[in-house]
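> One-letter residues, chain by chain:
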Amino acid sequence: MVGPPLDDFGLNLTKSVVRHALRTRAVSALGRSILAMRRNAFSLRSTQAVAEFALEETVRAFNGKAPTAWTSAFAPSELLRGMGLTLFSPEAASAVLSAFGLATQMLGVAEAHGHSRDTCTFHRAAMGAHIEGIFPRPDLLVAASHLCDGAPRLFCSIREVMAHREEDGPHRKAGGKDRKAEGNGADSGSPVDAPPSYPPFYLLDIPWGDTGRDAVRYVASQLESLFHDLAQRFRLPGDLERVKEAIRLSNEARKWAVAANELKRLSPCPVTAREVADYVYVLFIGFGSEEAVRIYRTLYEEASARAHRSGGQGVEERCRILWLHLRPFYAGRLWTYMEETLGARIVFDEFSNIYWDELDPDKPFESLAVKALSHPGHGPIERRARTVLRLAEEYHVDGVIHFSHWGCRQSSGGALMIKDYLKEHGVPMLILDGDCIDRRNYAEGQAMTRLEGFVEMLA
Amino acid sequence: MRDKLVGWTCTYIPEEIILAAGLRPVRLLGTQEPVRVADYLVPSNLCPYVRSIIDQVSSVRPDGVFVASSCNAAEHLIDALRRQFSDIFCHLVQVPRIRDTGAISYYEEQIRLMIRVIEDGFDVKITPEALKNAISIVSCIKNLLHRAYDLLKRPEPAITGGRYLRMVEMAMTADKAQAARELKDTLGGLAVEPEGPATAQEDPRPGRPRVFLVGSLCPISVVDVIEESGGVVVGEELCAGSRYFLTDDLPLSVDGAWPSGDSAWFSGDGACGQGLKAAGLGDIDIDDIIRYLAARYLAKEPCARMQDSGERYSRLVERIKALNADGVIFYVLKFCDMYLYEYPILQGRLDRLGIPVILLEGDYTAGGIEQARTRIGAFIEMLDSRRI
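Chains as they are written, first to last, in the working numbering: chain A, 2 to 460; chain B, 0 to 387.
One or more hints might be untrue.
Said to hold, decoys possible - Rough simulated footprint, nothing fancy, chain A against chain B, three-plus residues with beta-carbon under 8 Å: (1) 17-27; (2) 65-72; (3) 98-111; (4) 334-345.
As the list claims (entries may be wrong) - Computed Cβ-Cβ distance ranges for the label pairs, DEER-style: (5) A/His426 with B/Arg115: 28 to 36 Å; (6) A/Arg118 with B/Met169: 32 to 40 Å; (7) A/Gly427 with B/Arg374: 32 to 40 Å; (8) B/Arg374 with A/Gln447: 31 to 39 Å; (9) B/Glu310 with A/Asp421: 15 to 23 Å; (10) A/Gln233 with B/Arg314: 44 to 52 Å.
Claimed, not checked - Calculated from the model, a selection of chain A residues having no Cβ within reach of chain B, i.e. all distances over 10 Å: (11) Gly85; (12) Thr342; (13) Gly344; (14) Phe352; (15) Ile382; (16) Arg387; (17) Val428.
Read the hints as simulated data drawn from the structure, not as lab findings.
Glycine included, each C-beta is placed from N, C-alpha and C at the ideal position.
Can you make the complete structure from the sequences, with help from the hints?
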């Protein structure tokens with residue numbers, strides 16, 4: 002997921018190499034060395050910083066001293082980081098597997114264990130990797146019910162697999178550690194004691210499209226319960242000051258991200274989505290960290306320098322595109338072809354949108370509740386459609402492309418209605434069917450033909 | 000003039016509110032014909048039940064629809080309905096996925112909102128008396144269904160799975176008074192003794208493989224095929240089956256707690272109106288009733304969308320074991336993430352117990368039944384051979 006497709010590094014990585022390498026303490030230094038040697042593969046220093054952040058966070062998840070929380074997309078990273086947890090995003094890790102060329106194997110493993118080929122491949126690849134013991138062992142699982150149904154179900158399955166391993170025999174130390182939660186507490190919202198030997202699963206229930214006072218109170222109370230339960234269960238400091246500090250860091254990162262986004266309005270766009278698409282990793286688990294601040298500040302500085310230096314000379318921008326949802330993470334030519342051959346610049350993508358207001362450090366639970374509830378994709382389709390239209394206007398795009406990831410009900414399910422809405426407002430949209438992780442579900446030639454037609458129509 | 004029809008989509012929606020407003024609640028079960036209207040609104044790889052509801056609403060034109068926030072597909076359903084049928088009253092009911100006191104409080108507010116929008120939308124007033132009466136009627140219906148389910152669960156079922164599920168469907172879609180009458184007549188016709196053996200058994204062929212059915216929405220034609228293929232359905236956990244009327248074994252009180260010893264609400268004789276008196280709710284005000292409804296609905300047997308630490312599967316497996324099921328048919332609608340993700344979990348647990356399970360996927364149309372017939376037949380045959 003991070004940086005250019007890893008095939009570009011010329012590394013012949015196999016499943017066992019990845020599994021064993023990531024367990025060693027030397028991997029951090031090794032990875033950093035590889036990234037440094039191949040720094041030319043990154044067009045931005047900030048993108049390299051994302052890769053380094055992802056690598057080090059993953060190594061911490063394998064070897065770190067702090068408990069590792071697996072989190073779903075949009076789980077409140079500020080709260081968990083403020084409590085000193087290490088975060089691991091299985092969805093982002095699936096993207097890395099795809100970039101390594103390992104996703105197909107992992108999907109096959111999950112399918113052999115009964116996981117349907119109609120489910121999201123981010124989740125299915127993660128399940129396969131978990132079964133194979135490639136991923137670090139979670140000490141706890143935290144899923145938010147927004148945006149998708151799949152992640153909470155994935156975590157439930159992960160927990161089940163771990164429970165059966167416990168029953169079947171000696172614990173498999175997939176992550177090279179065997180930390181157990183203290184106590185025998187209950188999951189948030191589910192007053193049932195869990196055996197202490199496999200991780201607790203916390204589901205944050207985020208009402209759909211409700212931003213009212215009751216919804217804020219409901220979500221905030223869940224976050225507060227999570228905070229206190231984790232503090233007790235893992236003997237973490239129950240000190241809100243550290244959470245407040247994480248929120249201040251989140252605000253700082255947000256400020257730089259917004260500033261960098263402002264520059265993307267320029268024509269030609271100084272930084273395209275092709276270069277920053279992997280920042281979705283930071284969006285998922287980075288906010289609340291110092292690394293996120295550094296990454297977004299660097300991105301702003303680089304975009305700003307480019308804007309001043311070139312003045313837009315020498316860049317062909319036949320048309321400007323807004324990209325919705327994610328892109329294929331396996332090696333492919335889709336975006337390169339779009340930008341370099343067709344001259345269609347993806348100036349903005351939906352996952353770069355900083356949709357939330359600044360958080361109030363003095364009201365951490367309430368602020369994070371408001372942030373969760375305000376996601377444009379978690380509510381009536383008009384909410385997302387209006388956001389897309391606003392982005393289309395602000396970033397002066399000529400057209401919108403929705404990449405319909407096969408197993409994504411949340412995003413793809415609304416694509417036709419968004420297309421209709423945009424059509425009513427004179428903005429053309431193309432729906433490209435494909436799969437972000439599984440190259441078996443994606444016909445690049447067909448996608449390119451459709452892209453050509455779309456760009457021809459726009460230009 | 001016909002009754003005003005108000006559709007609802009999920010068993011977590013308290014239909015009592017619709018009934019108390021003087022409207023006729025109707026469970027929307029979609030159409031099993033190929034869809035036409037839905038194709039313009041949602042992609043083909045979305046829940047076929049949701050897609051079929053869009054077409055059903057287009058043809059039936061109910062006066063209103065309540066959709067629960069059950070899943071991503073249901074959320075797209077409310078969007079599609081609002082977009083396509085601007086003249087039809089549509090409201091989304093936020094159903095929590097957790098069941099603690101915070102969730103009950105939040106759901107209480109959602110029910111309160113439901114009352115407000117229905118009063119505004121239909122220019123009616125829901126009185127405490129009307130709400131209590133509606134609760135009694137729905138409880139009466141559910142109580143009768145509970146008895147029908149008891150017939151199914153017997154060592155030698157006194158009713159076929161197909162007939163039983165048609166009773167549930169009728170109870171969810173017909174006028175409630177008519178439904179109560181028909182259920183009583185049917186149960187009476189079966190000469191049911193609540194605690195004793197059935198005196199009139201529908202199924203004259205004992206010893207057939209016993210099948211437990213799990214899944215989301217399963218067309219009754221699939222159940223017919225199971226029984227035509229030589230299996231006997233002895234229990235189910237389906238969205239249009241027992242999840243409509245089965246509640247947690249723990250009885251509720253108005254403050255949301257679960258006191259012991261008060262199980263009168265669902266163990267009465269099924270006479271409408273008895274439930275309220277038995278539960279001692281005769282004099283409580285509307286706020287208490289709303290809280291009661293919120294707590295009761297969230298205490299239902301949880302479906303796959305609800306937060307679960309594994310107890311749902313433990314309980315499900317216990318139910319399957321208690322009924323001596325020879326095998327389990329797990330029926331999933333295509334693209335139903337909730338159940339597609341659940342299948343490997345249940346499969347793993349059943350494998351450990353040596354209980355065979357088969358996954359059937361369907362698109363909710365009649366067209367796929369014959370394909371399913373072959374697999375069902377082979378499964379039943381395999382179960383039968385294991386019994387020898």
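> The structure should be examined with respect to each hint, and the outcome stated for every one.
Hints, one by one, checked against the model:
1. Here the segment 17-27 of chain B counts 0 residues with a CB under 8 Å from a CB of chain A, which misses the bar of 3, and the coverage is violated.
2. Coverage of the segment 65-72 of chain B by chain A holds [criterion: at least 3 residues with CB-CB distance below 8 Å; count 4].
3. For the segment 98-111 of chain B, the proposed coverage by chain A is satisfied: 7 residues have a C-beta within less than 8 Å of a C-beta in that chain, meeting the threshold of three.
4. Counting residues of the segment 334-345 of chain B whose C-beta lies closer than 8 Å to any C-beta of chain A gives 9; at least three are required, and the coverage claim holds.
5. For the pair A/His426 and B/Arg115, the supplied restraint of 28 to 36 Å holds, since their beta-carbon distance comes to about 32 Å.
6. Between A/Arg118 and B/Met169 the C-beta distance comes to about 37 Å, which sits within the given range of 32 to 40 Å.
7. Judged by the Cβ atoms, the range 32 to 40 Å given for A/Gly427 and B/Arg374 is violated: they are separated by roughly 50 Å.
8. For B/Arg374 and A/Gln447, the hinted distance range of 31 to 39 Å is satisfied, since their beta carbons lie about 33 Å from each other.
9. Separated by about 43 Å at the C-beta atoms, B/Glu310 and A/Asp421 break the suggested range of 15 to 23 Å.
10. Separated by about 28 Å at the C-beta atoms, A/Gln233 and B/Arg314 break the suggested range of 44 to 52 Å.
11. Distance to chain B confirms A/Gly85 as a non-interface residue, since its nearest Cβ pair spans about 24 Å, more than 10 Å.
12. Listed as a non-interface residue, A/Thr342 keeps its Cβ farther than 10 Å from every Cβ of chain B; the least gap is roughly 29 Å.
13. At the 10 Å boundary, the C-beta of A/Gly344 stays outside the reach of chain B, the nearest C-beta of that chain being 30 Å off.
14. No beta-carbon of chain B is positioned within 10 Å of the beta-carbon of A/Phe352; the least distance is around 18 Å.
15. The beta carbon of A/Ile382 is not kept farther than 10 Å from every beta carbon of chain B, the shortest such distance being approximately 4 Å.
16. Non-interface call for A/Arg387 relative to chain B: holds, since the shortest CB-CB distance, roughly 13 Å, exceeds 10 Å.
17. In this structure A/Val428 is separated from chain B by more than 10 Å, as the shortest Cβ-Cβ distance comes to about 17 Å.
Comparing the model with each numbered hint stated earlier shows that hints 1, 7, 9, 10 and 15 do not hold.
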